[in-house]
Amino acid sequence: MRRAGARTGPFTGRHRHASITSACLRPDAAGQRDRGVCRAGAGAGGGGAARRSRAAPAPLAAVPLPPALTEDRTVPGTGALGDWRELTPVVSTPRQFRRVRDGDGLLVVGDSIARATVDELAAASGLSVAVNAHPGRPTAPAADWIVANAGLIPDRGLVVVSGANDVFAPLGWWRQVERVLAAADGRPVYWLTVHVDRWRGDATQRFADRSHSDWLNDQLRAVADRYPNLVVVDWAGALSDDWLSDGVHPSAAGVAAWCGLLARAMGLVV
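Be aware that the sequence shown starts at 1, since it is given in this note's numbering, and climbs by one per residue.
Keep in mind that the hints were calculated from the coordinates and are not lab data.
Watch out, some of these pointers could steer you wrong.
Claimed, not checked - Ranges between beta-carbon positions, derived for each pair:
| no. | residue 1 | residue 2 | range |
| --- | --- | --- | --- |
| 1 | Gly-267 | Glu-71 | 13 to 23 Å |
| 2 | Asp-202 | Ala-169 | 15 to 25 Å |
| 3 | Thr-204 | Gln-96 | 40 to 50 Å |
| 4 | Thr-88 | Pro-228 | 32 to 42 Å |
For glycine and all other residues, C-beta sits at the position ideal for the given N, C-alpha and C.
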C-alpha cells in the first residue's frame with residue numbers, strides 16, 4: 001500500500017502468510033481471542049433454506065433511516081482512491097464457482113484482504129472455496145459482480161470482505177450493502193467490519209481513516225438491524241496491532257485470527 005498523497009489508494013497489500021491448519025477453527029486455538037465473533041442474526045452457517053423462507057424486511061429506503069445512514073460525517077484527509085482496475089484480481093474458474101454452489105462451499109468476494117486470507121480459510125475449513133478478490137476494489141463494483149452472479153451463491157451464504165477502499169468516499173455506502181443483501185435473497189451474508197488506520201500516514205490521515213472506518217461500521221450495523229441474514233463479523237472490534245502488518249492488512253497472526261472469527265460466525269468451529 002502506498003502512502004497517501006494526491007492518490008493514496010487503493011489498498012493493495014501483498015503479504016506472505018504462515019500456513020494455517022484447521023487448528024484455527026478450534027475455539028481454544030492459540031492466538032484466538034474470545035471476543036468480537038459476530039453480531040446480528042443467529043450467526044451460524046447453513047440454514048439457508050430456512051432463512052429464505054422468512055419474509056424480507058422492507059428496503060431501508062422505505063422506512064425512516066437512522067442517523068448513521070443520513071448524516072454526512074466526512075472528514076478531510078483520506079486522499080483519493082487510485083485506479084484499482086490496474087491491479088491483478090484473483091478469480092476462481094467458472095467450474096469452481098459451480099462446485100461451491102452445488103456443494104454448499106464458501107463463496108468469498110472482496111478486496112486485497114480477502115485475497116490475503118482465502119487460501120488459509122480454505123485449508124482451515126476443509127470446504128471448497130471460490131473467490132472473487134480484487135485488490136483496491138471498492139464495494140460498488142464488488143456488489144455489481146455479486147448481483148450479476150447471484151445464482152452462484154451457495155445455501156451457506158456469502159462472505160464479503162469489502163469496505164476498506166470505501167474510506168475515501170463513505171457517504172451512502174450502505175446502499176451497496178443493501179444491493180448485496182437483495183442478491184443473497186435471504187441467504188446469510190457474513191460481512192467483516194472495516195479497520196483502516198494507515199500507520200505510515202500523518203495524524204490527519206490516520207484520524208480520517210479511523211473516523212471513516214467507524215462510520216462505515218455504523219452503517220453496516222444499521223443495515224444489520226433491518227436484515228436478520230446480515231451477520232456482522234467484528235474484525236475491527238477484535239483486532240490488536242500484532243494482527244496487522246500496516247494498519248490495514250492482516251499479518252500472519254492476523255490471518256489466523258481472521259480465520260477463527262469467521263469460522264465461529266459461520267458455525268464451522270469443531
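Now for the hints, and whether the structure bears them out:
no., hint, result
1, Gly-267 / Glu-71: 13 to 23 Å, "violated (35 Å)"
2, Asp-202 / Ala-169: 15 to 25 Å, "holds (20 Å)"
3, Thr-204 / Gln-96: 40 to 50 Å, "holds (43 Å)"
4, Thr-88 / Pro-228: 32 to 42 Å, "holds (37 Å)"
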